[in-house]
Amino acid sequence: MKNNLFIILILIISVSGLPFLLSGFGVDLATEIYIMAIFAMSLGLLMGFAGMVSLGHAAFFAIGAYTVAILGQFINNVYILILSAIIIAGLIALLTGSLFIRTSNFYFLMITLAFGQLLYALAWQLENWTGGADGMRVSATLDFGFGEIASPLAIYYLMGIAFIFVYILLKLFVNSPAGRIIKGIMENPSRMAALGYEVRVYKLLVYSLAGALAGFAGSLYGYFNMFVSPDLTYWKFSGEVMIMVIFGGVGTLIGPVLGAGLFIILQNFISSYTERWQLILGAILVLLVLVGKGGIIHWFGYFKEKFIIRKGTKNVETSKPIEEEREVIT
Amino acid sequence: MSIYIVQLLTGVAYGMLYFMIAAGLTIILGVMNVVNLAHGAFFLLGTYFAFTFMSLHLNFWLALLLAVIVTAILGIIIEKLLINKLYGKELEQVLLTFGLTFVIADCAKWIWGTEMQTIAVPELLNSSITIGEMVFPAYRLFVVLVGCILAVILWYLESRTRVGAIIRAGVDDRAMVAALGINVRLVFTGVFAFGAGLAGLSGVLGGPLIGMYTGMDSDILVTSLIVVVIGGLGSWKGSFVGAILIGLIETLGKIWFPSLSMLIVFLLMVVVLMIRPQGLYGKVVSQ
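So the protein lines, in turn, are chains A and B.
Numbering follows the numbering used here, in which position 141 of the first sequence is assigned residue number 141; successive positions increment by one, without gaps.
In the numbering used here, each number is its position in the second sequence, counted from 1, plus 1000.
Pulled out of the complex, with its shape left as it was, chain A reads as follows (with noise of 0.2 Å):
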C-alpha cells in the first residue's frame, strides 16, 4: 500500500508539475498521453488481470467518441454525454460480452477483432450518422457549469485528474476481492470455478468494466480531439493500444502508462523524421517479443532485482511477482 501511494504522489507531482518544463506543444501532447493512458489501462486490465487479450478494444473507445460526437449534436452537457459516453460502451461490452467469453483464448482474439472491424465498417457505411469515411466534428463544448474549458492548460489538467482519478479506481479495484478472483481466474479457471466462483460472471464484469472505461477515455478524446473519424475503430488502432500495454509492461496498472507514454512520444518524434512510423513500430513489437523481457516495467523489476542479489540482502520475495507478472504474456 505504501507503495501505491508513492506511486499515485508521483502521478500528482508529475501531472501538476510537468506544464512548467513543458511548451505548447509538450502539453497537447501529455494531453493526448493522459487519455491514452487512461485506454491502455482499461485495455491492461482486460490483458493484464483477466488473461482476455482483445484485438477490437478500440472499439469501446470509439463508441465513447461518437457518442460525445453525435449525441453533442442534440444536447450540451459535458456530465450527461460522457455519462452516456460510459453507459453505452459498457452496456455494448456487456452484450457483446456475454457472447465473446463463451469462447477462449484465440476465438477471442479474433472475435473481439471482427467486431471492431463491424463498428470500423458500420462507421463508414451510416453517413447519415457518423459523417461516413470524412468523420464529424464534436460541436458539444466541455462546460462542466462554470464556463467552457477551452485553453489547452485547462484541458490538461481536467485529463490529469480524470487519468489520476482512474488509475487510483483501478488500484482499488484490482486489490478488492473481485480483482483478484478476477487475477484467480485468469491464473486456473478450473480451480476458481472448483472453488464455486461464477467464473464467466466475473469474466463479463472485467470486460464491461474495461469497456466502459474505454468509453470513457474515447469521450475524453472526443473533447480533445473535437473530431472524430472511422479509424478510432480500426483494428490497428486496436493493435497500438495492445502494443502500449506490451510496450510497458502487461500485468501491471502502471505499465500501460508508462507505454501510452512512450509510444506517443515515441509516435511523434519518428514521424516527424520518417513516413515510415508503422515499419518502425512493426519492428519495435517484434524485436520486443522476440528478446521476451517484457515491458519497461519489467525491465525496472530486473534492474532491482539485480541490485539486490548484488548487495545480498535478503529480498528474494520480491522478485517473485515480477516473474509471475512475466508469465501473463507467456
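Treat the hints loosely; a few may be bogus.
Pairs of lysine-lysine, DSS-like flavour, derived with a Cα cap of 25 Å [to be verified]:
| # | chain 1 | residue 1 | chain 2 | residue 2 |
| --- | --- | --- | --- | --- |
| 1 | A | 304 | A | 171 |
| 2 | A | 293 | B | 1085 |
| 3 | B | 1080 | A | 293 |
| 4 | A | 2 | A | 171 |
| 5 | A | 2 | A | 306 |
| 6 | A | 293 | A | 306 |
| 7 | A | 236 | B | 1109 |
| 8 | B | 1089 | A | 293 |
| 9 | B | 1283 | B | 1237 |
| 10 | B | 1089 | A | 236 |
Derived Cβ-Cβ restraints for the label pairs, each shown as a range [claimed, not checked]:
| # | chain 1 | residue 1 | chain 2 | residue 2 | range |
| --- | --- | --- | --- | --- | --- |
| 11 | A | 194 | B | 1145 | 52 to 62 Å |
| 12 | B | 1168 | A | 139 | 54 to 64 Å |
| 13 | A | 290 | B | 1163 | 25 to 35 Å |
| 14 | A | 283 | B | 1163 | 31 to 41 Å |
| 15 | A | 194 | B | 1088 | 20 to 30 Å |
| 16 | B | 1165 | A | 290 | 26 to 36 Å |
| 17 | A | 290 | B | 1186 | 16 to 26 Å |
Far from chain A by the CB rule (all over 12 Å, computed), these chain B residues [what the hints assert, rightly or not]:
| # | residue |
| --- | --- |
| 18 | 1116 |
| 19 | 1163 |
| 20 | 1183 |
The set of hints was computed from the structure by calculation and includes no laboratory data.
Where is the CB? At the ideal position from N, CA and C, for every residue including glycine.
Model the placement of chain B on the given structure of chain A, informed by the hints.
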C-alpha cells in the same frame, strides 16, 4: 432473376478466394495454435508480386506460379527466423505476426505506392459464357473451379496421405505427435509455408477481381478470420463451407442492404457461435 444467378457466381468466386486464404489460416491455427495475423499481408504480397512479375512481361500463369512460390518462401523465412524462435509461446507468436503486418504493409506501401491497381484478366479467360440471358464471366468460373480442385486436393491430402495424417494428429494433440518422434518444427514450417503459399495464390487469383489497394490485407484478414470462426478450428471442410457462405452473404448483402453487408456477416458469425461455439465443423477442444 437471372441477375441474381450471375451474382451467385460472383459470391461463390469470392467465397473461393476466402476459402484459399482461410484454409491456410485455420490449419496454422489448428496445428501451431497461432492466429497468423500476417496472413492478410501474405495475400497482399501475392497480389503485388504477381503484379510486379507481370510488369516484367511474364504472362499471368508464370506470374501466378512465381508469386505463390515467392510468398511461400517468404513464409518459410518468417517461420524459421522469427516464429520458430518463440516455440511454445503462442501469444507471443501472435503478437509477432501482428508486428509483421505493420512491417509488411508499410513496406508494400513503400515499394508499390498507394495507388489502386488491378491485375489484368488473362487472355485465355477474358471472355464470358452466355446461357440464355445470363452472362457468366469466364474468369469467375475459373476461380470457382480452382477453389473446388483445391478443396479436393486438400481433402485427398488430409484423408489419404501420411502428411495429412500427421497434420490431423497435430490438430488433435500436438504433444503426442512430438512424442511419436515426428519433427514437429518441420511440420510447423511446412504448414506455415503452405498456408502462406495458399494466401499468395488467393491474392493473385483475387487480383483481377478485388484489385489491389492499401488496407486490403486488413479487409481480407478480418473476413477470413470470420470464416475460420464459423468453419471451426483446423477444419478445411469448415473453411470451405464457411467461405462460400460468407462470399454469398456478402455479395447478396451488398445488393439488398448495401450499407449493412458487414453487419450481416457478423450476425451470421454470432448466430453460429451461439449455436455451436466451436464452429460448424470444429471439434470441442478442452482448454
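Within 52 to 62 Å: is that where the Cβ-Cβ distance between residue 194 (chain A) and residue 1145 (chain B) falls? holds (54 Å)
Hinted pair residue 1283 (chain B) and residue 1237 (chain B), Cα distance within 25 Å: Measuring from Cα to Cα gives roughly 12 Å; hence the hint holds.
Cβ separation of residue 290 (chain A) and residue 1186 (chain B), checked against the hinted range 16 to 26 Å: holds (21 Å)
Run the distance test for residue 2 (chain A) versus residue 306 (chain A): straight-line Cα separation, threshold 25 Å. Answer holds: residue 2 (chain A) to residue 306 (chain A) is near 23 Å, not above 25 Å.
Would you check the hint for residue 293 (chain A) and residue 1085 (chain B), treating anything up to 25 Å between C-alpha atoms as holding? holds (14 Å)
I want to verify a distance hint. Is the separation of the beta carbons of residue 283 (chain A) and residue 1163 (chain B) within 31 to 41 Å? 34 Å Cβ-Cβ, so the 31 to 41 Å window holds.
Given the hinted pair residue 2 (chain A) and residue 171 (chain A), is their alpha-carbon gap at most 25 Å? Satisfied, since the Cα-Cα distance of roughly 13 Å is no more than 25 Å.
Holds or violated: residue 1089 (chain B) and residue 293 (chain A), Cα atoms, limit 25 Å. Measuring from Cα to Cα gives roughly 13 Å; hence the hint holds.
Check whether the Cα positions of residue 293 (chain A) and residue 306 (chain A) lie no farther apart than 25 Å. holds (14 Å)
Need the status of pair residue 236 (chain A), residue 1109 (chain B): alpha-carbon distance at most 25 Å? With a Cα-Cα distance of about 16 Å, the restraint between residue 236 (chain A) and residue 1109 (chain B) holds, given a limit of 25 Å.
Taking 25 to 35 Å as the hint, is the beta-carbon distance of residue 290 (chain A) and residue 1163 (chain B) inside that range? holds (30 Å)
A cut-off of 12 Å on Cβ-Cβ distance, and residue 1163 (chain B) was said to be off the interface with chain A. Does that hold? Correct as stated: the minimum Cβ-Cβ distance to chain A is 24 Å, above 12 Å.
When held up to the earlier numbered hints, the structure conflicts with none and fits them all.
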